[in-house]
Amino acid sequence: MKSVHLHAPIEDAVRAQIDSCEDLLSAVDSLVSQHDFMEKLMAVLAQSQAVVDQPARVPRDAHFTDYQARMLRLARHMEQQTQSALIVSRRADATAELPPVVNNLAQDYAELCLVCRDASETLPDGRQSDQLRSAVKNVGNATRALIQSATTG
1 MKSVHLHAPI EDAVRAQIDS CEDLLSAVDS LVSQHDFMEK LMAVLAQSQA
51 VVDQPARVPR DAHFTDYQAR MLRLARHMEQ QTQSALIVSR RADATAELPP
101 VVNNLAQDYA ELCLVCRDAS ETLPDGRQSD QLRSAVKNVG NATRALIQSA
151 TTG
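Numbering follows full-length UniProt numbering, with no gaps: position 23 of the sequence shown is 23.
Calculated from the structure, these hints are not laboratory results. There could be a bad hint or two in this list.
Said to hold, decoys possible - Just the calculated beta-carbon pair ranges, DEER-fashion:
{"id": "1", "residue 1": "76", "residue 2": "141", "range": "16 to 22 Å"}
{"id": "2", "residue 1": "86", "residue 2": "10", "range": "31 to 37 Å"}
{"id": "3", "residue 1": "75", "residue 2": "47", "range": "42 to 48 Å"}
{"id": "4", "residue 1": "96", "residue 2": "14", "range": "29 to 35 Å"}
{"id": "5", "residue 1": "37", "residue 2": "131", "range": "28 to 34 Å"}
{"id": "6", "residue 1": "14", "residue 2": "46", "range": "29 to 35 Å"}
{"id": "7", "residue 1": "79", "residue 2": "131", "range": "38 to 44 Å"}
{"id": "8", "residue 1": "40", "residue 2": "124", "range": "33 to 39 Å"}
{"id": "9", "residue 1": "79", "residue 2": "47", "range": "20 to 26 Å"}
{"id": "10", "residue 1": "141", "residue 2": "40", "range": "16 to 22 Å"}
{"id": "11", "residue 1": "92", "residue 2": "69", "range": "16 to 22 Å"}
From a predicted model like this one, the values you see are computed outputs, not experimental measurements. We put the beta carbon where it would ideally sit given N, CA and C, even for glycine.
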């Protein structure tokens, strides 16, 4: 009779141990996935920022206004994505929604860097080109900080 009573608590303890181990494995897997995701995003941002300073080949008849609308559209979209990230980050149940939002931010920034690189080549004044590049790099720094804070808690 006593051995029958002991089996139930042991089985419960074994089940609890297995559940705990599965939770641990799931947590470790989640952390590794998040870490890999973050590393990839940071690499995209760094590569994109480096593009801003690379020389571009633009048509001789290109004008800044040819690029201005795209830069403004991207900047506005990034503002919207930032607002979305803010809203999502305030909801405890929405952690799965955040990675696509920050991924979109990184993609928009990558495109903005390409457009900036080309646009800066159309400016006649080197100081204006430097100001534009600097402003886009600042957007990258702010994007990096936002992504890091949003994905780390």
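Hints broken by the structure, by number, lowest first?
2, 3, 6, 7 and 11
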